[in-house]
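From first to last, the protein sequence lines stand for chains S and Y. For the first sequence, this note's numbering gives the first residue as 1, with consecutive numbering after it. For the second sequence, this note's numbering gives the first residue as 1001, with consecutive numbering after it.
Don't take each hint at face value.
[Said to hold, decoys possible] Derived pair list, reagent style DSS-like, types lysine-lysine, alpha-carbon separation capped at 25 Å:
#1 141(S) with 1302(Y)
#2 110(S) with 121(S)
#3 1067(Y) with 141(S)
#4 109(S) with 1302(Y)
Hints in this document: simulated from the structure, not taken from any laboratory. Fair warning: this is a prediction, and the values are worked out from it, not measured in the lab.
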Amino acid sequence: MASLRSARPSFLRPLLNPTAASARTFTTSAETASTTASISSETQNAPTKPIDIYHVPRQPYHLSTGIVLSRPPLVTRDLPAFEQAYYVYQRRLDQRLALPFTSAFYFKKKTVAEEEYKAKKKVREQKPWFYNPYDRHNGFKDEIPAGQLSKQGLWFGAGAPELGYQELVETTPSGEEKIMEESQSALGVAAGKTAPERPYPRETEADRTGDFTKLDRKLSRTLYLLVKGEDEGFAGGKRGWRFPTARLQGDESLRQAAERILPEACGTNMNTWFVGNVPIGHHQYDYPSPVAPDPKLPHEKEDPVPILGRQVFYMKARILAGQVDLANSKHGFKDFAWVTKEELRKVVGREYYISNMNMLASR
Amino acid sequence: MARPSPSTAFGFLRGLAQANRSQFVCENSPILRASFSSAASTNAKAVETKDAAAAPTKAVATGGRKKSRYQMRAPRYYKGPLNPNQPPPVSDPSSRAFIPGPFTAERLEDHYYDTLKSDIMTMTYTHLVPGEERARKADRLRSWDDSSPYHKNRPLRGPRGGSTLRLLNKPRTFRNVPGLEKITVHTMVKGALQDKAYLAVAGMVVQAITGVRAEVRNTKQQLATWGLRKDVPIAMKAELKGPQAYRFLSSLVDVVMPRIKDYQGAKGSSGDSSGNISFGFSPEAVALFPEVEVNYDMYPPKMIPGIHVTVHTTATNDKDGRILLQSMGVPFYGKLID
């Protein structure tokens, strides 16, 4: 139906259409010209007509879909100094208020587990960071000098904030060595004293080199995909960093358009998930001068109004695996980057950032 | 709500015997408290009977000041609002009822607020075109049709088929995204009818896995077919709120559920129509909790109970509650019935 194709969200008109900027009532196209003149009398005398959303005149804007493709945080957040100090304070209070650990309830006498516990307790008590609240003479020395906490709020003594995992393994009875020995013997490898597998560090190679194309940079933050290209879809024709955006074609919905555009523009090498069917953001920009309607498009042909600019609605998507591949990009993107919210702010213009900042996550 | 230290094996058993405590006792935890400073441990008992205006410091004749060995303690009993020695607020570390606060930021809680909440909001949002009204539902309280003159000013009638109004399902906004409210861990131990030790072990297990002191629940009816007598302690129940609830749920999803053989998940029909989902674990699964497995041999054989876990959410229907739990990693099996 031609009327369906020409349907556009009517809330745009009062906000954006300069010809009907002051319109308060929603009316059909035949009455548009007369409403601007006699607003007050109409609103006072006539009751508001129910809106007919299928017969609204076409808005003089091109519709576009943008894709906010994000990689959510993969590790816990970095704690600010005050929060770290608060947690350390609460842990110290807990050490002082709790009764001594009753190892007999947890480790049966003359078992391997008890021997491991005793050995590690000896090691722990020799460490410089060990605190015994029941020590008659040194129990009051429970403070940690500022600046000595590791990034996750642990203390391993002055000058050793990053020992971290190794210290924990040496001093915590966890049965890991026994498990490692058993697994080694099961595989037929000679059971020797092997160090348990270390967890990966929070800072990766990409962090150190500052490679913005890598997805394992800034693991504790959300990363957003920005692209740079010569596509005329960018603000006023300027070639800046933007979310991947392209115009709607035919009858498709915003989500359908987004699902079409992403592999076309950024390659098929990504496993993504589009969240919901509703957009999360909106941005409008005007062309330097109004553009003539395209007679090839049916709805522009039937209602030829010069197009003032573009309305972009952003759809939310998450990347689960893969990477961007701009080799055969159909939308002319030449470069891409995965950036955090603060880096995005520096790179895109002020107006663009203000439109989009509220749809970006705080972490 | 007491936070137990590892030594509360004995505190728990002692607490079981002390069922009723004076409502005027300032401390609500039966756990013995070490004095705040190790140096005053020997003086603590002597000091409790003294008044607040205590022994003054003694100056030594040579001119040095002798350090006072009196330790001010919060009063043990509340003696009214006019008493000069008022108990400090519970948040004060010097209070007898103080429980040390969070020791770390909670991973699942941060993940929910940073990632899951906005995704759920976008996923479940229904757009309304301005000028269009949502489909109007029938009145929740039905009015009388004035067919009789006595209908005037009569109170409205409740819903058909029952007097309980169902929760309103309001359109999604940023203010009503489903979230985790609390988690209830419950275990009913039939063996407690014959031997009270079963209940003690059950309470110990619940305390170990939740970090919260469980409360005893009695039978309510007498049913000879099942051997039940009235008012006999038979179950233990613990409630978790806030970061503790997130920690428990994440340990379920990350540690316990993956270790259960051929684990299907929670039943798809689970839910009380108000957004609260329940699922259970057998005694073998409970033994897989790291807090139980670490000293599994210390528990008497075959006395570790199974548990019911009820996740209370702020969702108003089962579908939203299930979406929340699925986003946190809980699998569901079978037909999903709302």
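These are the hints, each one checked on the structure:
Between residue 141(S) and residue 1302(Y) the CA atoms are separated by roughly 46 Å; this puts the pair beyond 25 Å, and the hint is violated. Simply put, residue 110(S) and residue 121(S) have alpha-carbon atoms about 16 Å apart, close enough for the 25 Å limit, and the pair holds. Distance hint between residue 1067(Y) and residue 141(S) is fulfilled; the C-alpha atoms sit about 18 Å from each other, no more than 25 Å. The hinted pair formed by residue 109(S) and residue 1302(Y) meets the criterion: a straight-line CA distance of about 21 Å does not exceed 25 Å.
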